[in-house]
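A.B. asks: Residue-level listing of the chains:
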Amino acid sequence: METGPILEVVDFSGGFTAGDGEFTPVLKHVAFSVERAAFTAIVGETGSGKTLMALSILGIAPRSFRRTAGLVRFQGADLVPDDDKAMRRVRGSQISMVFQDARASLNPVFTVGYQISDVCRLHRHVGRKEAWQMAEQMLERVRVPEPGRRMRQYPHEFSGGMAQRAQLAMALICHPSLLVLDEPTTGLDVTIQADILDLVVELTASEGLSTLLITHDLGIVAETCDFVVVMKDGEVRETGTCEQVMTAPTSPYTQQLLADSRLAGVPR
Amino acid sequence: MSVVVPSLRRRPFALRGERPSRASSARWPLSLKLGAAVVGAFGLIALVSAFWTPYPPMAPATGAFLAPPTWAHLFGTDAVGADIFSRTFAATHTDVGITVAVVGLALVVGTLWGSLVGFYGGWADALTMRALQVMNSFPALLLAMLVISAMGRDILDVILVVALIPLPDYVRLARAEIMTKKTWQFAESARMVGRRPLGVLFRHLVPNSTRPLLAYAGINASWVVATVGALGFLGLGIQPGSAEWGSMIAGGESAIVAGQWWICFFPGLAIFLLASAFHLIGDGIADADINRRR
Amino acid sequence: MSAPAGLVPTRVEPGSVAGGDVVLRVSGLRKEFRAGRRGGAKKLTAVDGVSFNLHAGETVALVGESGSGKSTVARCIARLIEPTAGEVVLDDVVLTSMAKRNLPRAYRHLQMVFQDPNSSLNPRMSVRAILEEPLRLHFDMSRSERDQRARQLAEYVGLSAQHLDRYPRQLSGGQRQRVGIARALAVEPKVILLDEPTASLDVSVRGQILSLFRRTQDEKGLAYLFITHDLEVVRHFADRVLVMYLGGIVEEGPTAEVFEHPAHPYTQALLSSSPVAEYTRGDERKRSKRRLLLTGEIPSPIDLPTGCRLVSRCPFVRPSCSSVVPPLRAIRPGHLSACPVLLAATNPNSQDAISFVA
Numbered sequence: 561m562e563t564g565p566i567l568e569v570v571d572f573s574g575g576f577t578a579g580d581g582e583f584t585p586v587l588k589h590v591a592f593s594v595e596r597a598a599f600t601a602i603v604g605e606t607g608s609g610k611t612l613m614a615l616s617i618l619g620i621a622p623r624s625f626r627r628t629a630g631l632v633r634f635q636g637a638d639l640v641p642d643d644d645k646a647m648r649r650v651r652g653s654q655i656s657m658v659f660q661d662a663r664a665s666l667n668p669v670f671t672v673g674y675q676i677s678d679v680c681r682l683h684r685h686v687g688r689k690e691a692w693q694m695a696e697q698m699l700e701r702v703r704v705p706e707p708g709r710r711m712r713q714y715p716h717e718f719s720g721g722m723a724q725r726a727q728l729a730m731a732l733i734c735h736p737s738l739l740v741l742d743e744p745t746t747g748l749d750v751t752i753q754a755d756i757l758d759l760v761v762e763l764t765a766s767e768g769l770s771t772l773l774i775t776h777d778l779g780i781v782a783e784t785c786d787f788v789v790v791m792k793d794g795e796v797r798e799t800g801t802c803e804q805v806m807t808a809p810t811s812p813y814t815q816q817l818l819a820d821s822r823l824a825g826v827p828r
Numbered sequence: 041m042s043v044v045v046p047s048l049r050r051r052p053f054a055l056r057g058e059r060p061s062r063a064s065s066a067r068w069p070l071s072l073k074l075g076a077a078v079v080g081a082f083g084l085i086a087l088v089s090a091f092w093t094p095y096p097p098m099a100p101a102t103g104a105f106l107a108p109p110t111w112a113h114l115f116g117t118d119a120v121g122a123d124i125f126s127r128t129f130a131a132t133h134t135d136v137g138i139t140v141a142v143v144g145l146a147l148v149v150g151t152l153w154g155s156l157v158g159f160y161g162g163w164a165d166a167l168t169m170r171a172l173q174v175m176n177s178f179p180a181l182l183l184a185m186l187v188i189s190a191m192g193r194d195i196l197d198v199i200l201v202v203a204l205i206p207l208p209d210y211v212r213l214a215r216a217e218i219m220t221k222k223t224w225q226f227a228e229s230a231r232m233v234g235r236r237p238l239g240v241l242f243r244h245l246v247p248n249s250t251r252p253l254l255a256y257a258g259i260n261a262s263w264v265v266a267t268v269g270a271l272g273f274l275g276l277g278i279q280p281g282s283a284e285w286g287s288m289i290a291g292g293e294s295a296i297v298a299g300q301w302w303i304c305f306f307p308g309l310a311i312f313l314l315a316s317a318f319h320l321i322g323d324g325i326a327d328a329d330i331n332r333r334r
Numbered sequence: 267m268s269a270p271a272g273l274v275p276t277r278v279e280p281g282s283v284a285g286g287d288v289v290l291r292v293s294g295l296r297k298e299f300r301a302g303r304r305g306g307a308k309k310l311t312a313v314d315g316v317s318f319n320l321h322a323g324e325t326v327a328l329v330g331e332s333g334s335g336k337s338t339v340a341r342c343i344a345r346l347i348e349p350t351a352g353e354v355v356l357d358d359v360v361l362t363s364m365a366k367r368n369l370p371r372a373y374r375h376l377q378m379v380f381q382d383p384n385s386s387l388n389p390r391m392s393v394r395a396i397l398e399e400p401l402r403l404h405f406d407m408s409r410s411e412r413d414q415r416a417r418q419l420a421e422y423v424g425l426s427a428q429h430l431d432r433y434p435r436q437l438s439g440g441q442r443q444r445v446g447i448a449r450a451l452a453v454e455p456k457v458i459l460l461d462e463p464t465a466s467l468d469v470s471v472r473g474q475i476l477s478l479f480r481r482t483q484d485e486k487g488l489a490y491l492f493i494t495h496d497l498e499v500v501r502h503f504a505d506r507v508l509v510m511y512l513g514g515i516v517e518e519g520p521t522a523e524v525f526e527h528p529a530h531p532y533t534q535a536l537l538s539s540s541p542v543a544e545y546t547r548g549d550e551r552k553r554s555k556r557r558l559l560l561t562g563e564i565p566s567p568i569d570l571p572t573g574c575r576l577v578s579r580c581p582f583v584r585p586s587c588s589s590v591v592p593p594l595r596a597i598r599p600g601h602l603s604a605c606p607v608l609l610a611a612t613n614p615n616s617q618d619a620i621s622f623v624a
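Read top to bottom, the protein sequences are chains A, B and C. The opening residue of the first sequence carries number 561 in my numbering; numbering runs sequentially from there. The opening residue of the second sequence carries number 41 in my numbering; numbering runs sequentially from there. The opening residue of the third sequence carries number 267 in my numbering; numbering runs sequentially from there.
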């Protein structure tokens with residue numbers, strides 16, 4: 561019986577060590593949880609540390625980053641981001657991540673089909689043919705038209721939105737419990753963005769996925785998320801349900817952010 | 041015609057939520073400092089030796105012939121009794137002078153040519169690329185040697201011909217830099233500010249392309265030092281017997297067999313040190329360039 | 267152009283909604299690029315016959331997604347790119363037929379603020395040098411006058427005197443953009459082309475920059491052509507909006523009217539896809555329920571279909587849509603749309619349109 565949040569970040573602190581040994585704290589006592597089968601967003605501007613937090617959860621933060629305190633609990637058990645061997649088993653199969661620039665995240669010299677099925681074979685020990693079929697089904701699931709043809713294409717033949725769907729397919733093929741998306745629609749046209757977000761929301765509901773979305777856009781948050789975590793300068797300023805945070809924020813920073821997003825300060 | 045300075049009301053803005061990027065620490069790498077120090081030392085020597093050397097470089101010294109290094113003659117003497125120390129030092133302004141002239145010429149001409157064709161493109165660009173391909177396909181050094189031995193040994197000829205060898209690389213580099221930077225928005229904004237195209241090119245684009253060109257110049261200078269030495273060794277381009285490291289080495293060729301190592305060694309050491317120093321400078325500039333880009 | 271009765275204009279201003287006299291007149295602007303391999307036999311039509319007027323004190327927004335041609339329009343107006351056809355008239359000067367060498371003089375009255383504050387400033391020039399350059403090129407000022415003016419400009423846009431001696435790399439994104447704005451203001455132009463000036467800035471800075479634009483416009487009667495894909499900014503900031511798709515204007519009109527009664531499927535799709543930072547409860551929340559879906563592939567700009575460019579994705583498509591590119595026709599005075607299907611409906615109300623959603 562699975563209850564409780566799927567991911568808990570407890571008092572997580574860390575920073576960067578410069579070449580000359582100087583330590584700059586970047587994340588300060590970050591604490592939040594991601595509920596099961598729900599959509600949680602981490603909102604912040606540049607420099608808030610939101611992306612770094614997401615990367616740390618998966619253990620893929622830059623090497624100069626050092627955790628000084630706190631822990632991450634996944635499905636009740638402690639996750640040790642420093643233990644790369646253990647993390648490798650988790651990445652892709654239990655926790656998946658989708659990055660911002662889809663075409664840059666795909667390997668240009670392999671076909672899309674190969675890359676998606678590769679993830680499958682890595683974690684599931686299935687044969688090549690079976691993996692290929694699973695990959696194709698996944699592509700169809702993420703609403704890529706003509707999946708059979710697309711499987712054999714290379715990333716540069718995909719448009720931005722299409723590539724992002726391919727990345728989603730890659731992330732979901734092993735049916736992870738937690739999906740992390742780092743600004744997945746930045747740089748995409750607004751109509752494509754809407755499509756992708758709709759898809760993620762729908763998949764969250766239908767697959768019982770728990771989703772963590774990193775973004776700076778409060779509009780996206782308002783339309784898609786159930787829970788919100790607001791970060792600034794490496795600290796969590798506010799958490800709550802989407803309704804609470806969007807309609808009655810308690811933290812002055814959140815209030816400011818909302819006002820700015822609605823262009824409240826600009827004289828009409 | 042002056043302009044009425046308009047009434048701009050002062051109203052300070054609160055810079056809320058803005059964080060400046062980390063001030064760039066333009067720390068020059070050690071290699072650059074070291075290289076610059078050595079080249080500086082050579083420059084100083086060149087300057088001083090134009091006016092004074094311990095012994096006259098060309099005239100035979102009294103007494104000692106083929107004497108090994110002693111306190112009287114720090115680098116020893118050669119077959120005609122000249123002091124190697126003085127000769128090596130005197131040769132500095134020849135070698136350094138030729139190197140600076142060659143690199144300077146290739147750099148200036150190459151940058152000008154490359155920038156112009158990179159900026160304007162068109163047929164001039166296509167023609168240039170073909171010409172460069174032709175230039176690169178020749179065994180340049182051999183050709184240079186042929187030309188110099190045919191044309192005579194004027195120093196000016198040597199400079200011109202040797203400068204021709206790395207020229208295609210400078211042109212290519214300048215061209216590539218300008219073509220890249222041309223697309224950046226500050227080139228467009230320079231035009232909106234009111235600059236004519238040539239103004240945009242020489243006051244905005246070129247100054248932003250100096251680093252890679254200077255880095256290449258440093259590395260190129262290292263090659264030039266060695267090449268000038270090689271030419272001198274072969275007796276091309278330099279009056280035989282004049283103070284030049286390469287020809288000094290040639291002069292001491294036979295002596296080495298007899299165990300008189302110092303005649304070849306010190307000029308050779310000078311070439312090695314100067315070439316390495318230039319290379320360090322080039323590397324240092326390249327590293328600083330990369331650090332800045334980050 | 268007067269506002270239709272009963273409609274609250276976006277900006278309450280004495281005089282007409284449209285502002286003063288026409289300062290910029292663009293007619294039939296067209297830009298084709300050569301595409302395809304060697305020799306470029308194929309044509310890429312980036313801008314396909316764009317026309318509009320800009321009045322003093324007015325902000326006209328040019329809205330579209332990537333590939334709409336909006337940035338190309340701005341660059342053609344400034345002749346940073348040479349238009350293939352069309353005419354641009356600034357005050358009484360025909361920019362498009364000027365000799366290229368005289369263009370810098372025209373830039374005294376036409377300026378541009380660029381999108382990327384990181385690459386639009388010369389990294390090797392101090393802020394002071396950046397601000398003084400246009401002064402030096404356009405005016406005959408003494409050194410101290412220039413210095414004073416540079417200082418005034420910096421303070422006007424919210425920078426302090428100490429920023430003058432700094433270099434772009436020492437400034438934040440918002441500060442750099444302020445420098446770009448100050449530079450554009452230095453020559454006191456009449457028209458400023460704003461090419462997505464807030465796209466790369468944080469929301470907290472965006473509001474400040476927009477306030478600065480507004481203040482400057484009010485004080486100097488500037489005309490802005492605001493190019494953006496951010497509809498929220500348009501709603502707040504623009505008097506009129508022109509919606510572009512694949513090189514052509516598909517709808518234009520006063521901002522409030524276009525936003526409340528969009529009369530083109532593409533505009534409707536854009537409006538319904540743009541996320542708004544407002545929380546709505548329950549079922550209504552799911553955008554998919556209220557969205558106008560554009561399914562299908564975007565056509566390649568090299569191989570544009572005959573007829574309306576939205577044919578491959580439009581939910582209202584009729585056979586007649588593919589025959590010829592539909593022209594802009596007025597629904598109401600000042601509000602034009604290029605969709606004959608929606609125009610024909612007696613009441614092009616957005617609610618009816620939404621009911622078409624699959």
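Read the hints as simulated data drawn from the structure, not as lab findings. Careful, some of the hints might be misleading.
Claimed, not checked - In silico negatives: residues of chain B with every beta carbon more than 12 angstroms from chain C:
(1) M232
(2) V233
(3) L313
Claimed, not checked - Heads up, incomplete: computed chain C residues facing chain B, CB under 7 angstroms, no partners named:
(4) I347
(5) N368
(6) A372
(7) Y373
(8) M378
(9) S386
(10) N388
(11) F525
(12) L594
(13) A596
Quick reminder that beta carbons are idealized off the backbone N, C-alpha and C, glycines included.
A.B. asks: Each hint: holds or not?
C.D. replies: Results of checking the hints against the structure:
1. M232: Check fails; 5 angstroms does not lie beyond 12 angstroms.
2. V233: violated (5 angstroms)
3. L313: holds (33 angstroms)
4. I347: violated (10 angstroms)
5. N368: This hint is violated: N368 of chain C lies away from chain B, its Cβ roughly 10 angstroms from the closest one there, beyond 7 angstroms.
6. A372: violated (9 angstroms)
7. Y373: holds (5 angstroms)
8. M378: holds (5 angstroms)
9. S386: This hint holds: S386 of chain C lies near chain B, its Cβ roughly 4 angstroms from the closest one there, short of 7 angstroms.
10. N388: holds (5 angstroms)
11. F525: Because about 28 angstroms separates F525 of chain C from the closest Cβ in chain B, which is outside the 7 angstroms limit, the hint is violated.
12. L594: violated (30 angstroms)
13. A596: violated (35 angstroms)
Of the hints listed earlier, those the structure fails to meet are numbers 1, 2, 4, 5, 6, 11, 12 and 13, in rising order.
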